[in-house]
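Residue strings, one per chain:
Protein chains: 2
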Amino acid sequence: MFENSQENRTNLSELGEFGLIDHLTANFKPKLKSTIKAIGDDAAVLDFDNKHTVVSTDLLVEGVHFDLAYMPLKHLGYKAVMVNLSDIYAMNATATQITVSIAVSNRFPVEALEELYSGIELAAKIYNVDVVGGDTTSSTSGLLISVTALGMAEADDIVYRNGAQPNDLLVVTGDLGAAYMGLQVLEREKEVFKANPNAQPDLDQYTYLIERQLKPEARKDIPPLLKELEVKPTSMIDISDGLSSEIIHLCKNSKVGANLFEEKIPLDPALISVCEEFEIDSTMVTLSGGEDYELLFTISQNDYDKIKGNPNLTVIGHITEESEGMHLITRANQKLPLIARGWNSMNKED
Amino acid sequence: MFENSQENRTNLSELGEFGLIDHLTANFKPKLKSTIKAIGDDAAVLDFDNKHTVVSTDLLVEGVHFDLAYMPLKHLGYKAVMVNLSDIYAMNATATQITVSIAVSNRFPVEALEELYSGIELAAKIYNVDVVGGDTTSSTSGLLISVTALGMAEADDIVYRNGAQPNDLLVVTGDLGAAYMGLQVLEREKEVFKANPNAQPDLDQYTYLIERQLKPEARKDIPPLLKELEVKPTSMIDISDGLSSEIIHLCKNSKVGANLFEEKIPLDPALISVCEEFEIDSTMVTLSGGEDYELLFTISQNDYDKIKGNPNLTVIGHITEESEGMHLITRANQKLPLIARGWNSMNKED
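If you're matching them up, the sequences are chains C and H in order. Its first residue numbered 17, the first sequence is counted upward by one per residue in the working numbering. Its first residue numbered 17, the second sequence is counted upward by one per residue in the working numbering.
Hints are not guaranteed to be accurate.
It does not matter which identical chain is meant; a pair holds if it fits inside one copy or across any two.
As the list claims (entries may be wrong) - Simulated pairs of lysine to any residue, SDA-like, Cα-Cα distance not exceeding 25 angstroms:
hint	residue 1	residue 2
1	K243	E338
2	K210	L28
3	K271	I55
4	K268	G35
5	K210	H81
6	K67	K248
7	K47	D63
No wet-lab data here; the hints were simulated from the structure.
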């Protein structure tokens, strides 16, 4: 779907700052009724009528959040948009506009930025958001992308992180852990390539995992699905950092505890098989891996019948009193405290 | 007013990402009615009733937009906010909320970021905006700040860049060129300091210029002033890149030409004297210097009596038909084409 051709090279300096912005955003035409004025003035102008506006922002830094050795620029542009839209959907809102700013060193030719913006454009098209502003500047090293997303919702529909109640059910969309294991596969291939640049890797069996890493999709479908099912979550958050720390965020904000059942965590078969290959525990991958961009939410037990059997939604646990703490109940029925830890700290312990 | 103490050093890693955000934003309490939910969820939630929302974003990169050798971090935080608010005021709107994201290398201790955020906090307080979100991440080198500002206005009050008409008057707020010459003074002092670290510079005579560079103020006062004077500009832009390129922006967007009168450009006496000292032409400084964050706008001639004699506003020229082009009329009555050029290209010609 994505191809990355860098055969032509135009130096950034040939266009200049204003020329570059005009050039990269020439295809970005506003489509939404709420976008009164998009790119081209001091600020964009938006009209949300009586609805509430939601706004979220994220920075992606080369060498920290992505590695251009295996992340094609078009995918990077797409993913940068997804990361932000995911936050808007996690408010149970509709994403409407984004601004995209980049800082970029001279080592990138104009064609590379065109690739980046083609990914942004594709994401904006598929997710029906307008690109309404941004800033393009030089950096002393590397590439940095800052995206701010705006959305809207009826005041009554917005779901915060702080509404979970004891006995609520803990629900997750999709399946977890695949994006992290996709990254592990890509990092292994990078090492193989370094050792032997002529090696032809066969990555077919890892397609799903790699796609979850390189081209994640935000859950635009979930807010309308919940509306259709007549379910309003009591709290919601998106899963960017791993299930464990997101459950902790929800619980701390809602002043409750939780029990998470290991056997309920939804896993794709491809994840299970790659975890066996890498000799890594799949539960740990879902708890600490991150970048799944699925949604985690809580609902009243009374709503259980409305979501039961929906293939997008899995009940993975329930909310408890705050004093009971936050635990993982293992398949062996052990009760382990949930700890928020990224892979960096985990790896130290390995 | 600002002091920068870096005697205590706490490593960023001691707080962790979540701890750092909580720590830096602990004082940021929302004050505006339109801020329903600020920091602490997937997104901020804003309520603008029936007004239009305006949104603008800017990136500031160390080594490109600022040099920490003479820019104290508190000033940098303040200025990063000003740069964005200026865009909101240039829409004739009221600034209401900002998000602030930073990418920062490990060489900065927590105390340095506290300084940065104290400047952001001060700006938010003085300009009456709420800080409603942001992202804090590590960078592989240097410091980068991304600010997105939101504002609101009645639909009828918003002023775009594209409404200037032939015979309109070209008006500027405040005085121009001081920020650029403040930078020249600071750069000269940096060289003196490198040669002799014990030199005690006497910068008293440059206070105004240096303050314009290090602590610019966005023209929050101008939209309400225009309302009070019952003047709605036909077009407006903020002066971030020098008068020349901003006039060209207005003219190109409005499909008109302009005559700018050299003798009318407002100059502070301190600017005139420093330009003599540096043997640099003050008109060129105002045309190409930038970072003044004053507002440039056009009004109908019928409104002239309403602004006449106002000390904040100076008529510097008038709009013509597009076919007449854009010109500077010099004191010697020469007619020179206006060219958008930054100091980089100018210096090459010196």
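Verification of the hints:
Proximity of K243 and E338 under a CA criterion of 25 angstroms is satisfied in neither setting, with 29 angstroms inside one chain copy and 53 angstroms between copies. For a Cα distance limit of 25 angstroms, the shortest separation of K210 from L28 qualifies neither inside one copy, at 29 angstroms, nor across copies, at 33 angstroms. In this assembly of identical chains, K271 and I55 lie within 25 angstroms of each other by CA distance solely across copies; the values are 17 angstroms between and 42 angstroms within a copy. With identical chains, the CA atoms of K268 and G35 are at most 25 angstroms apart between copies only, with a shortest distance of 14 angstroms across copies and 47 angstroms within one.
For the identical chains of this complex, K210 and H81 are intra-copy neighbours only, at 21 angstroms inside a copy versus 37 angstroms across copies, given an alpha-carbon limit of 25 angstroms. In the homo-oligomer, the alpha carbons of K67 and K248 lie at most 25 angstroms apart inside one protomer (17 angstroms), although the nearest pairing across protomers, at 28 angstroms, exceeds that limit. In this assembly of identical chains, K47 and D63 lie within 25 angstroms of each other by CA distance both inside one copy and across copies; the values are 13 angstroms within and 23 angstroms between.
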